Every structure is written in structure tokens, then in C-alpha cells.
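Top to bottom, those sequences are chains D and U. Residue 418 in this note's numbering sits at position 418 of the first sequence; the count goes up by one each step and never skips. Residue 1559 in this note's numbering sits at position 559 of the second sequence; the count goes up by one each step and never skips.
Honestly, the hints are just simulated from the structure, not real lab data. Do not rely on the hints blindly, as some may be mistaken.
To be verified - In silico DSBU-like cross-links for lysine-lysine, where the CA-CA straight-line distance does not exceed 35 Å: (1) 181(D) to 1328(U); (2) 1280(U) to 280(D); (3) 328(D) to 1280(U); (4) 1328(U) to 328(D).
Claimed, not checked - Distance ranges between label pairs, derived from CB positions: (5) 1012(U) to 256(D): 54 to 64 Å; (6) 136(D) to 1008(U): 53 to 63 Å; (7) 257(D) to 1236(U): 36 to 46 Å; (8) 139(D) to 1389(U): 16 to 26 Å.
Just so you know, these numbers come straight off a predicted model, no measurement behind them. Yeah, the Cβ is synthetic: ideal placement off N, Cα and C, and Gly gets one too.
There are 2 protein chains.
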Amino acid sequence: MTHTLILMPSGRRGQVAEGTTVLEAARQLGVEIETICGGRQTCEKCRVVVESGHFDKHGITSSEDHLSPRTPNEIELLAKLGTPEQRLSCNAQILGDVLISVPEGSRAQKQIIRKTASERAIEIIPTVRQFYIEVEPAELGAHRGDWGRVQDALAAQWNLNNLTIDIHALRRLQAALREGKWTVTATIWNEQRVLDLHPGYYEGAYGLAVDVGSTTVASYLCDLRTGKLLATESMMNPQVSYGEDLMSRISFAMSRRDGLEVLNAAIIDAINQLARRAAKSADIRAGQIHEIVMVGNTTMTHILLNANPQELGNAPFALVNRESMDIKASELGLRLHPAANAHILPAEAGHVGADNVAVLVAEQPQLQERVILTVDVGTNAEIVLSSPAWMFSASSPTGPAFEGGQISSGMRAAPGAIERVRVDPESKMPRFRVIGEERWSDAWQTGADAPLEAQPQHLAAGICGSGIIEVIAELFLAGILLPDGRFNPEVVSASMFWEQGKRTGAYILARAEQSSSGKPIYITQQDVRNIQLAKAALYAGAKLLMMRAVVEQVDEVILAGAFGSYIDPKHAMVLGLIPNCDLEKVHAVGNAAGDGARIALLNRERRAEASAIADRVRYIETAVDPDFQEEFVKALHLPHQSDAFTHLEGILPKIKVVEPARRERKRRRRASNV
Amino acid sequence: MTHTLILMPSGRRGQVAEGTTVLEAARQLGVEIETICGGRQTCEKCRVVVESGHFDKHGITSSEDHLSPRTPNEIELLAKLGTPEQRLSCNAQILGDVLISVPEGSRAQKQIIRKTASERAIEIIPTVRQFYIEVEPAELGAHRGDWGRVQDALAAQWNLNNLTIDIHALRRLQAALREGKWTVTATIWNEQRVLDLHPGYYEGAYGLAVDVGSTTVASYLCDLRTGKLLATESMMNPQVSYGEDLMSRISFAMSRRDGLEVLNAAIIDAINQLARRAAKSADIRAGQIHEIVMVGNTTMTHILLNANPQELGNAPFALVNRESMDIKASELGLRLHPAANAHILPAEAGHVGADNVAVLVAEQPQLQERVILTVDVGTNAEIVLSSPAWMFSASSPTGPAFEGGQISSGMRAAPGAIERVRVDPESKMPRFRVIGEERWSDAWQTGADAPLEAQPQHLAAGICGSGIIEVIAELFLAGILLPDGRFNPEVVSASMFWEQGKRTGAYILARAEQSSSGKPIYITQQDVRNIQLAKAALYAGAKLLMMRAVVEQVDEVILAGAFGSYIDPKHAMVLGLIPNCDLEKVHAVGNAAGDGARIALLNRERRAEASAIADRVRYIETAVDPDFQEEFVKALHLPHQSDAFTHLEGILPKIKVVEPARRERKRRRRASNV
């Protein structure tokens, strides 16, 4: 005899045999209800709401008697939880037609919503899960060890077979079985390996996602059962003291006998610190973290593995391994749960590593029916051009200029850093805003006699990445910078400082009284040159991919990385950092690499997707490509020597002063030959 | 077109296609020729001797032209090796009928002969093997990491698929590939896991077999390619200082917070020492040992794993794991090759562990068409009764008496220890022999005026295990000990010392001038009692198995363990240590547990056999069996209260003086009640 079961909110319906539990019946209809105790009425994960029983022709009449009655144990448990009207789906048998709601918390496939420009749901399917079992007690002369008995129980009660056990878990096994009176909860990785055993019923599985950037290491501690983000901690990559960019790290690793060990110890120690801090702020211990997912560029992952990155210093830039890896975390020196797994996402090739794969996992540009340029700007920029039919990637050595390095007054994003700039096209005078102060500089009053409330919280201390982009773009828009990057010699302004007798000068962004050092903050000709070099590398990389994909223009630009979140798309395009594109279609998505790592931590199926992406992306090596060199030279101009920026119509200054510059160079050359 | 190939010494023959290499053709005929380089003419492992070509009707004429001509490379290589007349089977193609000898050294399936009573060949099929490969060089933008390229080469050149790589090997991979100019030798465990990579062609794989006894730890270093035993090292188990027997070790582990850690550190440190010593004497480093196979009783293996043995202290004596285990050696604290595997053989149950399984692997009594009793005497005795149809095992807590413990003058087998004893039935006077001195004590001259050459190398320092067995048996045969173990009050001898006014005494085995301490060496009544308790435990265990197997008598007795090698079967039986059996059928086989560990190290198929044995043996728990208690009481008598020893006919003394002893006890009881 069968009855109709309808499940809400999915609306699934079907016939189920009389006497089937709601838990099992839902499974038959394809709706997984959460359960840890496996139907023993201890975990209360499987609670459901009975909406009604008995459907008659006129509608649905409310009645619960189409389910088996509550047992005393169920009544007690539900009363304790304050939900006496609910049912344990593992206990309620179907005796007639019934309509049941499965609350969000009882669904096995939980999901969380990622809060970025492209809001998307992440299904929670972690590799680490917990299983409660009842184990046959040991008997005299029995032909099975305790681990054998646990294996039998996991096979019979959860259909888990061919399991291995970590030595750490093996050491705890006998005591846990006896303390739990032959009931234990097994913590199992990927339905393959028992990581831990706790007496009786136990809940608690945590994971850490880490984005190892060349400059910043960011970590995200998650509850693996709910997907909830419990803590975010980040710190500067301590390797910075051994070299700002990738090539100097590689050189350091090669130049000293212990170079690699020093770099490896620095990053491992940093991750351990982040794990401890994140755990502390979530009120757990780092020893409870059962899995860590790590991403980073290829140099960072080599160093993480304590594998020498020296091959990445020269063509053909061979990786030690391109595929994803699962390694026991303790073998890498990570101090998490002693049996914890470390998963490293796959890389693409050359310098485009797991962090870029993570960006693609998070953003999935390849699923959009558009040509999308995804740019992750850091010390190295990774660029992906995608459409549903193809994906190309490249790496551009932008250097540290966008992060404030190689800029005379450059600094990291911190209080006092100039982050926004406007230059008046008429007066040629600047105003700016610093981090930590709401008001623009033209609203400040400084000096001893200024009222306290009119004084800024922070004076200007330097310029951070987004400030640099804006000031150069604004100087160009105001006609102070010529398209070739020189200061326009025609400009006369109190903010321009010209070196005596030379045709070179500097622009005064902050006056002495606006500056925390008491000295003016300048933009020098060399600063402009360095930004030109960085942006040209990025633009040329994008252009090379467009040439290889044979597309004339991009439909959308995704800016990943913290840097992308702070820059104004208009300024980026005026500078010629990104190609011509509808400004409405330029999005910043924050640390998408970190988000991708978190997604891979919470959903093991997305790891397979990561591998598929890594296999699919066609990597273009820029370093030795003559087209890249040619595009690079053209891209040194503001915004570009020849490309049209139709979406900046009416914004870009009209003057093109290319020829005079050439004449000037010739003149100088002649002069120096004299 | 095909030709006839005959291979010697196997005599295999068959038709092979023209142009097939001798290497491949031999494989087709089921004869594996060794090769490491995989046919690239670098490893010279596959050398064969061409006996003749062309078989005519009248016999075989010698001619080599039925093989393809030698290449310059082959000529050079063979000349360098001093065997210009041989051929590389990977290079020589079959062009006509040919008769070829495969020398011992070129056979893939090598074997060694185990030198024990039961001489048997061990085939060499190690888990760790080495494979030379040529790897595709890295190319710019290639979609494969270096490990991917190595995987491709191993799949294409050796048909090895689904390999994983140890992090240690991964770290060496890139440098090895470049140093070897894109040729490397991979060291692979069980065709599953790459443990190491060496540039170019490389040979060298070593393994260590370790028998962890309660008292002695013995190690055997083997060359995994040839099976050759390179070094044997042993030492006392340092855990002895925390308890002589298993129960006291278990108590120690439970009584202190760090008890288990102390015991674990002691044995791990001991094994590391043995590995270093063995490696040194074989002129290699411990870091070159790629696999270790360990056996021991269940308490020893628990402590090895750092798993608390406390459950073994009480019924039902549950094991944490009964099956064999493969664990990364470094996770156990072993300092071998960083990626080395540690294999622990399976256990049976209770206290019968991997060491007993190893004995059965080495001796294979279950393959004999006889009822065989296999006894491994140590601090605990493991007993197996077998026939082709069944196997029963038990453990008997004999205690340390057989190893000289709990004996007033007991000592370990060392120079000066009395190891052989004879007592004259007429004069009741003893003579003995000590370790380190060829002559019996009645040939010694001692004292200041004795000529130097007549003086013994060593005076008597104490009695070791085999000496204790002999002296008690001899005292019984001489009528000095009664069947119930008391000294016979009727005996009058200069060697008997009676306590004044008491009916108890001691037997003087060595006089003051024969002893290194200058004091006589006695056998006390308590010594006799302790030996009676130990031998009764052993005998009762054997008897219990006979009852369970429903056999009246055994056809053969195998004495395993060092102890068994030194005792005389006749004396063992006179004492009632082993049941009635043809004395010719009592064999000592030495450290069979160590041999079994060595076999499992050299032959991975025998590991499967070990698991099959462990599954098959039916374990009988003696500790709580009432039959055992009853048999134990009966076995306290010399040789036994009721069992007939037909094979000692004419040897055993006729007198049975049981009744007087009983009367005596009754008399004493009455006296004490007064």
C-alpha cells in the first residue's frame, strides 16, 4: 500500500510505501534531509514540520494522524528544543497522504549566499563529515580488532566502505569507544579516511580557506556543517621582507643555501598564526580545523610545498605539479588537527596559479554568454579572457607600483593614505581624500589656529594604489600630463614644480601643511613612468589574449582583488589600464581568489570544477611573445597610442601631442651627440 | 614469421615473432628477465648468454647469427663489464631459432635460501622497486607540470598508472629531471606511490625487518633487489627497565600520565639505533631504507603505534586493530628514508600478535600433512597447533623464568652463563659448561697453582635459560628432584645442601672455586617451583589446543625463538615443557619471527599470505578457560601428573613418589592447625 508524500518548499511529490519513515521517503523523492545519528533519535537534525495530512477533493484538511505517533523519546527531545509541534523525520512513519515542510536547517544540502557584485549561492557539500555509529562491543576471542568493528558499523550503518584510518584517530579509537559506551562519532574525509573519533554523539567540523598572496595572506574560517563564515583574518605575507615581487623571492630562494627554507618557514608560520587567530575569535582551537584549502600563484604554492620555485624564474617556467593536491597538513608543518587534510587547487601554467583558478571558480565568467576579461591585479596580474567556447589566460609582471611600491610617496592602504584624487581642469589644483577621514582635503582646515572639528582625523601620509591610479588619470584629464606621460610644459600652476632649467618637474598633490611629515607630497615624472610601465604590462596582456581569441572587444571586465574594489572604473580606463568597454560593465568583485578557496572548502564538487577549469584554460606565455612586446610599447601611452576608447567619448582630453615628443627626443639625441 | 626460442635453465620453449627482442620474447614465454632501464641499454641487468642458434635435426650447432647484430653501444657496455660474449636481451632481436641461458643475476624473480632447519627458498618480490624513465622535456606554455610529465612517462614506459607522489619526492622532482637531462629513476612503493626520484639511472633499495620482542629487538637489513641480508643488529628492548613482562609494561603505560609516551619513545629510539647501526655496517645510510617491516606481540605493536595497550590488560583483550597496517614511517617517529613505508604484519587476537603470524609465514606448518605444535618461547609463549584443515593458537604467560628471570642465579645468555648441565645418577654430582668456554667444568683446573692453559676462559657467573631447563631435567633424571618438584629427602650428596631442621634445601651446581663471584651457584627449591609454573603454563596451553582440535598427540614440534635453539629436545620433554612426541621430530628453527618479517619484507605476496593466516587461525583464550586451569595443575608435575611420555621410555626415572608428598602436606596442615 502506498501514500502520497509532498515535500515543501521543493514541491517534490511521489508515492511511498506505507510505514516508510519520512527521512527515507524524502530520500526516495530526491530530497536529502540532514541526519548525523542515522535515525537513532539523538541528533535532532532531521526535524520537519507536518503541514497537513489527508488530501481530499476539496482541498487539504489539517490532521497529523497520517504519521505514526510520537515516541516518548521524540516527545521529550522536541519539547527540550522548544519545537513540540515538529516531528523527527527518522521516527515518523508515513501511514497516509501527507504534506511536509523541510526547514532550511534540516536540509542536508545547505547553502550560503556569497555577498559580492555577482551574488550567488554556494551549496554546502564539504569533504569532512561526521557519522554517529553504534559499534558491536568487543568479545573474548573475537576475530576483529576495534577498528574492524568500527569499519563494520560504518559499512552497515552508513554504507561507507574501504575506509582507511589516520594514525591519530587509531590512537584515540579504543578510549573513545569505551567512553562512549560503544557509540562514537567518526569524522571522515571524503568518505575515505577517518580523521578522528569522539565518544558518543559529537558535532564540530571546521575548515580554513587561505589565499596566499605575494603581499597579503587572507584566511577564512568556516563551519563545515553550515558553511557559515566564522572569522576572517589576514596579515602581510612575511616573505615581503625577502623580496617585494615574485622574481625577487625566487632569486632569494636561489641565492642562499637556506633561502627556500626561510621563505617556506615564513609562510607556514604565517598560516599557523592566522589559523590560531581565526580559531580564537571563533572560540574554537586550531586543532579542530580538519581541512585547509589553499590558493596562491605558482611561486607561492611552490614555496608552500617547500619545493624550489627556481624553474619559475626562467622559460619555460615549468611547474613541479599543475594538478590539485591533497597532502596531510602536518607534513607541510601546519598545526591544525593532526590528521587535517591540506588541499591546494590546481594551477594553470607559468605564473598563473591556483589563485586564478579560484577566481574563476568564484566568478564563473566562462558560464556567461559574453566575452569577459577577468583581471586580478596584485604584484603579478593574472588575466583571463573567456567566453563559453574558450578561455585564455596570461600573467603580466605589473610589479608593485599598483600597490604603492616604486612610487616616491607610495604606501599601502592604511590611515592617512591618499585614496581619491580630483584635479580641477581649470585651476589645475588638486583635492584628495585620505583613508580614515571622510572629508575631502579642500574642506580641511589645518594649522594651530584651525578649530579642532575642522581639522582632519589624519593628515596625508602618502598615496596608496587607488590614489595613484586616480591622480595620474586626473592629471591626464586636466591636461597636465601629455599622452606620452610627460608633464605638459605649457602648464602653469601653483601645483606644478619644474626643475630649474630642465623640462622635467613634479606635481604637488598635498601641500606641506596637509602632510603628516610637514613636507609636500609629490607625483614625480618617475612615478608616472612606473605607472605607465605597470599599466602597459596589464593592457598588453589583455590585448594579447584578445588577439589570440580573435576578438575585437570585451563585453565585460571583472576586477578581482582588493585593489580592484577601490579603483574607479572610469579612472582605470582613462589611464588605459583596461580595454575599451561599457563602464557599466566593469565590476569589482573583491578578493575572488579567497572566495574561490572558500567555495572549494565548502563544496567538494566545485574542486572537480576547478580541475576542469585548469585543464580548459589555454595559457599564453607573454614573456617571450613578440606581439606582447609590440602591444606593450603601444600601451605605454595614456590611454593608448592607437586603440580607440569609444566608451570614454567626451571624457578624454582632445589634445594629442605625440609628434612634439618625438621631435623633442630627436633634438635631445642630437644635443647629446654634440 | 616465427622462430623457436628455448630458455635455460627453465627449459621453457615457444614460438615467437621474428624481430621480437629476447627480453620481450622471454616475457611471452613466462620468464621475466630483470630490467631497470626498460630496454634503453643502460642498466645491463638483462644480460643473457646465447648458447646456440639454429637447431637442425642432428642437434644444435653453435652460431649467433639468429639474433640481430650488436649495436656499438651494446658492444661498448658489455666490453666494459668484461662479458663481451653476452648479449643485452633488450637489444637482441630474434631472427631465427635460438637457445638462450638466463643467468641467475638476470632473472627478475630472484630468490634466496633461508638457512634454517627447514631450508626453503624465498622469492624476491619487494614492494619497493625502481624504474628508469625518459621524460618529455618541459615546453613553454605546456599544459602539464613536471610531475604530470613523469606520470606520463611511467604510464607509457612501465604501464604504471594512478600513481601518487610523496611530498619528499615532489620536492626533489624538478632538480632530478634537470640534473638527469630529463631521465630519472623513480623509486616506487607497491606500484602506487613514488617515494623518491634520482637523476638518470640509479640503483639502491633497502629494507629493514624488525622483530620487536619484549626482551630483545632484532633487525635485519636487506638489499631489496637481491634479497641479500646485509647486516643483522640486535639489542635489548629498552622498555625492560619499565617492566620485565607484558603485564608490567601495560601497568606502566597506565600508571603514569606519560607512561605510554616513555615506552613508545624507548622502542622507536631503539629501532632508529638499530637502523643506523645496520646501515653503517652495510655502508649505506639509514636514510636509504625505503621500507621497514615490523612484527611483535600485540602489546609491542600497540606501543609501537603509540596506542595505549591498556585494553590488553583485561578481558576481553581487545586489539585496536587486527589487520596489517601500512603507515608512513616518519609518522611513527622512525628516521629512515623520509617517504619510507612501515608495514606491520597482522595479529591473531589477544596477546598473539604479528610475531606469531611471522613465525607461521616462515615455517608454514599448516602446509604440512601433520599435526604440528609450533611454540615460540619468550616472556610470553605463543603456541599454534596446526594441520592442513585447521589452526589454533593461544598465548601462555610463562613469565621470564625461561630467560633467567625469577631464578636466584639466573642471567641472560652471556659469557660465563651455565648453558649445559649433566648430573651423574650415581654420584649425584654435577658438571656443566659455560658460554665462552669449550670444556666441561670437570675438565677445569682452578686456583692459583693451576696451569694457565687448564684454567677456564670464564668462570661460572650464573645460569641462563637453557641451563635452567637442563639442570632441572637432569636433577629429576638423577632422582634428586621428585615428580612433584621437591628435593628428594632420601638423597645424600656433597652437592645437596639441606636447611637445618627443615625439609627444604638447594642443589650446588657450581662450587665457590668454579664461580666468578667466589660463592657457590645454587638451584633453590623456589627456582624449581618457578620453572614448574612456567613449563606448566606452556604445557597446559598446548594441551588446551589439543583438546579443542580433538587430537591425542602431535606429530612434530617446532621450537621457535632463540631459546628454542639452545635447549635439548630430550631435556625439554623430560621437564614436561612440550608434549609427548618423537624426539627426532622436535626441531629448533631459531628466530622464525624475524625470518617471517624478513620474508614479508622481500616478498609482497607473502604479506597477503600473512593476512590469510591471521584470518584463519582460531584463537583460544587461555586466561579464563577452566580446562586450562585444570591442565595447568596437572602439568606442574615432572614431567606430568597423568600424561604418558612414550617417547621417553627408558629415560624417565621409575619412581613415582606422589603419595608421600600428599601425606606430607596433610601432616603439615595438621601440624599448623595445632
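Here is what the structure says about each hint:
1. 181(D) to 1328(U): 31 Å, holds
2. 1280(U) to 280(D): Cα-Cα ~48 Å, so violated.
3. 328(D) to 1280(U): Satisfied, since the Cα-Cα distance of roughly 32 Å is no more than 35 Å.
4. 1328(U) to 328(D): 11 Å, holds
5. 1012(U) to 256(D): 54 to 64 Å: Holds - the Cβ-Cβ distance for residue 1012(U) and residue 256(D), about 59 Å, lies within 54 to 64 Å.
6. 136(D) to 1008(U): 53 to 63 Å: For residue 136(D) and residue 1008(U) the Cβ distance comes to about 57 Å; the hint holds.
7. 257(D) to 1236(U): 36 to 46 Å: 41 Å, holds
8. 139(D) to 1389(U): 16 to 26 Å: 25 Å, holds
Checked against the numbered hints given earlier, the structure breaks only hint 2 and satisfies all the rest.
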